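**Student:** What follows is each chain in one-letter form.
Number of protein chains: 2
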Amino acid sequence: MVKEVKEIYEKVEEFIDTDKEIKLQGWIRNHRKQKEFGFIDFFDGTYFKSVQVVYDNKISNFDDIQKYHVGSSISVVGKVIKSPAKGQLFELSASEIVLEGDCPEDYPIQPKRHTREFLREQAYLRPRTNLFQAVFRVRSVAAFAVHDFFQKNGFVYVNTPLFTSSDCEGAGEMFQVTTQDLEEIAKKGKVDYSKEYFGKKVGLTVSAQFEGETFAQAFRKIYTFGPTFRADPSHTPLHIAEFWQIEPEVAFCDLNGIMDISEDLMKHVIKYTLENAKNEIEFLDSFVEKGLIDKLKTVSSNSFKRVTYKECIDILKKADVKWQFTPEYGEDLAKEHERYITEYFNSPVFITYWPQKVKKCFYMKQMDDGTVANADLELPGIGETYGMSQREDDLEKLEKRIEELGMNKEEYTWYLNLRKYGSTEHSGFGIGFERLVMYMTGMDNIRDVIPFPRTPGNCEY
Amino acid sequence: MVKEVKEIYEKVEEFIDTDKEIKLQGWIRNHRKQKEFGFIDFFDGTYFKSVQVVYDNKISNFDDIQKYHVGSSISVVGKVIKSPAKGQLFELSASEIVLEGDCPEDYPIQPKRHTREFLREQAYLRPRTNLFQAVFRVRSVAAFAVHDFFQKNGFVYVNTPLFTSSDCEGAGEMFQVTTQDLEEIAKKGKVDYSKEYFGKKVGLTVSAQFEGETFAQAFRKIYTFGPTFRADPSHTPLHIAEFWQIEPEVAFCDLNGIMDISEDLMKHVIKYTLENAKNEIEFLDSFVEKGLIDKLKTVSSNSFKRVTYKECIDILKKADVKWQFTPEYGEDLAKEHERYITEYFNSPVFITYWPQKVKKCFYMKQMDDGTVANADLELPGIGETYGMSQREDDLEKLEKRIEELGMNKEEYTWYLNLRKYGSTEHSGFGIGFERLVMYMTGMDNIRDVIPFPRTPGNCEY
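If you read the protein sequences in the order shown, they are chains W and U. FYI, our numbering numbers position 263 of the first sequence as 263, with every residue one higher than the one before it. FYI, our numbering numbers position 231 of the second sequence as 231, with every residue one higher than the one before it.
It cannot be assumed that every hint is accurate.
Identical copies look the same in the list; a pair holds intra-copy or inter-copy alike.
Said to hold, decoys possible - Computed cross-link-like contacts, DSS-like style, restricted to lysine-lysine with a CA-CA straight-line distance of at most 25 Å:
(1) 152 <-> 3
(2) 278 <-> 11
(3) 3 <-> 187
(4) 201 <-> 190
(5) 420 <-> 67
(6) 278 <-> 67
(7) 271 <-> 200
(8) 23 <-> 82
(9) 67 <-> 49
(10) 188 <-> 359
(11) 278 <-> 190
(12) 420 <-> 397
(13) 190 <-> 297
(14) 201 <-> 188
(15) 200 <-> 188
(16) 33 <-> 317
Keep in mind the hints are simulated off the structure, nothing from the lab. It should be emphasised that the depicted structure is a prediction, and the values quoted were computed from it without experimental measurement.
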């Protein structure tokens, strides 16, 4: 009877101290050998906790088994018995252990503490470690929680294109795509766009927002959840070239409405993950960020504060703090200001209605007082996490803004047409999914929450 | 009390013929005017069916309302009343109608039959039509069903990278990515890879399989669901350059096991979609593919046949049919053969164990008789839908095959290492999600089941 470790843990009373023989298949994480006994720390990837497999010299291939290396795959037949060892309820008393795939001793993942930098270089093996079993299961569970939230609330999932000929915000940071041979371009000394697959210059999208808006004007509530790209040359623990974004767009929704949705989403994802990746979060709480569970429970069960940018500057100016950067109306907030504000309220804070000259995105709704209808969510401990805004729905104002910023209006014809054909008050936001996973795992480098991170000079696998 | 159309339909008894005033926000799909009355066919994107809004000249802005164009966004306050009209249970008797966003008469989507080709040119507006409301909601619901299936069965969702320096199968059809200016390369007459973001030649992945396998060797059961790319120059109703693929990989799983998973997935997705996009599927059954519902119900409630390639050739040879292509052992199956086989069994059919010389992928498990442990799923009415295989887990055999095919072994070091470090019997498959959506909607062109299709020469939006 082939079983998974998950099933044994979840229904242990059906197996323990019965005479049922079960079969497990998985890998050896550690192997302690004694003269007449052996103990294998065994995992199969289905459950965070491993199983202790105990065997003795009554087993026919005892001498062979004692040679099985860490990292090998094995199948084990045996009975689940109450464990005499401390800290574990049960163990598997083996009657048969078969080697499925050997693992030589040069295997890079040994039962000792490896640095995260070392494991990053072994990205294809690191998911076999406890730490990355935890991180990547949390990532998976959280991703499902995102879909679950939106689908249950009637949002339509839209797969917007990655190839794009429109620019969104980050023109300078766009990766270009080509089907021409670069060497050939160099040899010929000219670029022939007619030879390109698309017949023109095409890049990889930096945001799904604009295409998302077209669907919001049809389905009212939509979300995207897919990869986006930025050729950002920064070497920081927060930047990667390829990352996943969640970008909802909602018609008939103002700034308050989108803050509600954003807050509800955060809380749902955190609660769902706490429930469905319990062992993993407990491990991360113990070994990565002490207090992680408390932090997540607090954030997911209290209202987020909402305060205007102007009120924030007032608070900062009144504060008895020696600032490195003096807070000023009309200036951006520094990290120290963000930190002070979240500590002041002891809560996540939406900072709303920023001056247009600080938040320059042309698509944010312009208010009469020189601010825009936007909000940044500041989380205790990390500061600005992501932004949202009501989108400008007035065709004339939007066109004027595009002209002011010296952008090419022709390129935005279809986007502008959304304001011409049945325009609505509408809003949206964009969360970098990796940032959310970092927050929920306590990991401090974005390279460690995505399977194969892409950074300047790094594109292995 | 602001409501969505979905809520009214689902809880109509709470609203109908009560004195509750509700407010709806949405768009005018059609507008019939009479001297003392008006009828607006109103939708808000939350529900497939629209609401008939009725107003009369007792309303203060009656004359203005009568000028509201198709495509305009409006908000309506009124009461839900039993409808005297045939074919609808209720209508909304309006006491207030406010224009939110006008829509000039050059609006391309008018209440008449538009061709799909015309709508493809208006890709940013087509989701407002009945047909594309149906198609894109089915797509969204089916996507969720995919996640739901895998998560409930303990699979880990893995976001494999799109930037890749490894080749998988389709080298010739890979899009290349660059951060160099092509014009500058042409001017300088040489390619300087040190100026590239990644410092080397990088392309967009054609499959997540290899990276997926690394996670299957850690989590046992994983799936990917994300975009992949192929610079395929074919102009056919089945080819696009950017499409979404579902690629599960499972350790300790043989060909039979992966066929089970694949069959269960198909059935779950179909059943879930039939239940959760009922109105949409009914519409598609009436207007796109007669018999769609019967087809889907039959497929999702019967076992798929499993038959070897050799048995298929035997059946084809015995058939009393004048073939265009004579069926031969060792040759690929033609469309006419696939059709015959699915009709012969009147069922989806897995055709298993193909000759290695027909299925050349180097990673398929080699059997002793010259076949590989693979299967193609053939669906009635469309033929080959997707393939799956047990992966070669024997390091020596895999290396030998790579050499035979003249591939560069160095490039596959980490992939080969998966067979060195605790190799397992493992299997996987890849479904093109758009093909699945085509099957479930009856749409016959892949360009019409993805929001913004990318094909040779086409990259708008």
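**Student:** State for each hint whether it applies.
**Tutor:** Now the hints, each set against the structure:
In this assembly of identical chains, residue 152 and residue 3 lie within 25 Å of each other by CA distance solely across copies; the values are 16 Å between and 32 Å within a copy. For a Cα distance limit of 25 Å, the shortest separation of residue 278 from residue 11 inside one copy, 16 Å, qualifies, whereas the shortest one across copies, 37 Å, does not. In this homomeric assembly, residue 3 and residue 187 never come within 25 Å of each other (Cα to Cα): the closest approach is 60 Å inside a single copy and 63 Å across copies. Proximity of residue 201 and residue 190 under a CA criterion of 25 Å is satisfied in both settings, with 14 Å inside one chain copy and 20 Å between copies.
Taking the shortest Cα distances, residue 420 and residue 67 sit within 25 Å of each other only across copies (16 Å), while inside one copy they are farther apart (74 Å). In the homo-oligomer, the alpha carbons of residue 278 and residue 67 never lie at most 25 Å apart, since the shortest distance is 35 Å inside one protomer and 59 Å across protomers. For a Cα distance limit of 25 Å, the shortest separation of residue 271 from residue 200 qualifies neither inside one copy, at 46 Å, nor across copies, at 42 Å. Taking the closest pair of Cα atoms, residue 23 and residue 82 come within 25 Å of each other only inside a single copy of the chain (17 Å); across copies the shortest separation is 62 Å, beyond that limit.
Proximity of residue 67 and residue 49 under a CA criterion of 25 Å is satisfied intra-copy only: 24 Å inside one chain copy versus 67 Å between copies. Neither within a single protomer nor between protomers do residue 188 and residue 359 lie at most 25 Å apart by alpha-carbon distance, with minima of 44 Å and 39 Å respectively. In this assembly of identical chains, the alpha carbons of residue 278 and residue 190 never lie at most 25 Å apart, being 58 Å within a copy and 55 Å across copies at closest. In this assembly of identical chains, the alpha carbons of residue 420 and residue 397 lie at most 25 Å apart only when taken from the same copy (12 Å versus 63 Å across copies).
In this assembly of identical chains, the alpha carbons of residue 190 and residue 297 never lie at most 25 Å apart, being 59 Å within a copy and 57 Å across copies at closest. Both within a single protomer and between protomers do residue 201 and residue 188 lie at most 25 Å apart by alpha-carbon distance, with minima of 18 Å and 19 Å respectively. Both within a single protomer and between protomers do residue 200 and residue 188 lie at most 25 Å apart by alpha-carbon distance, with minima of 18 Å and 21 Å respectively. Neither within a single protomer nor between protomers do residue 33 and residue 317 lie at most 25 Å apart by alpha-carbon distance, with minima of 66 Å and 60 Å respectively.
Violation of the numbered hints given earlier is confined to hints 3, 6, 7, 10, 11, 13 and 16; the remaining hints are satisfied by the structure.
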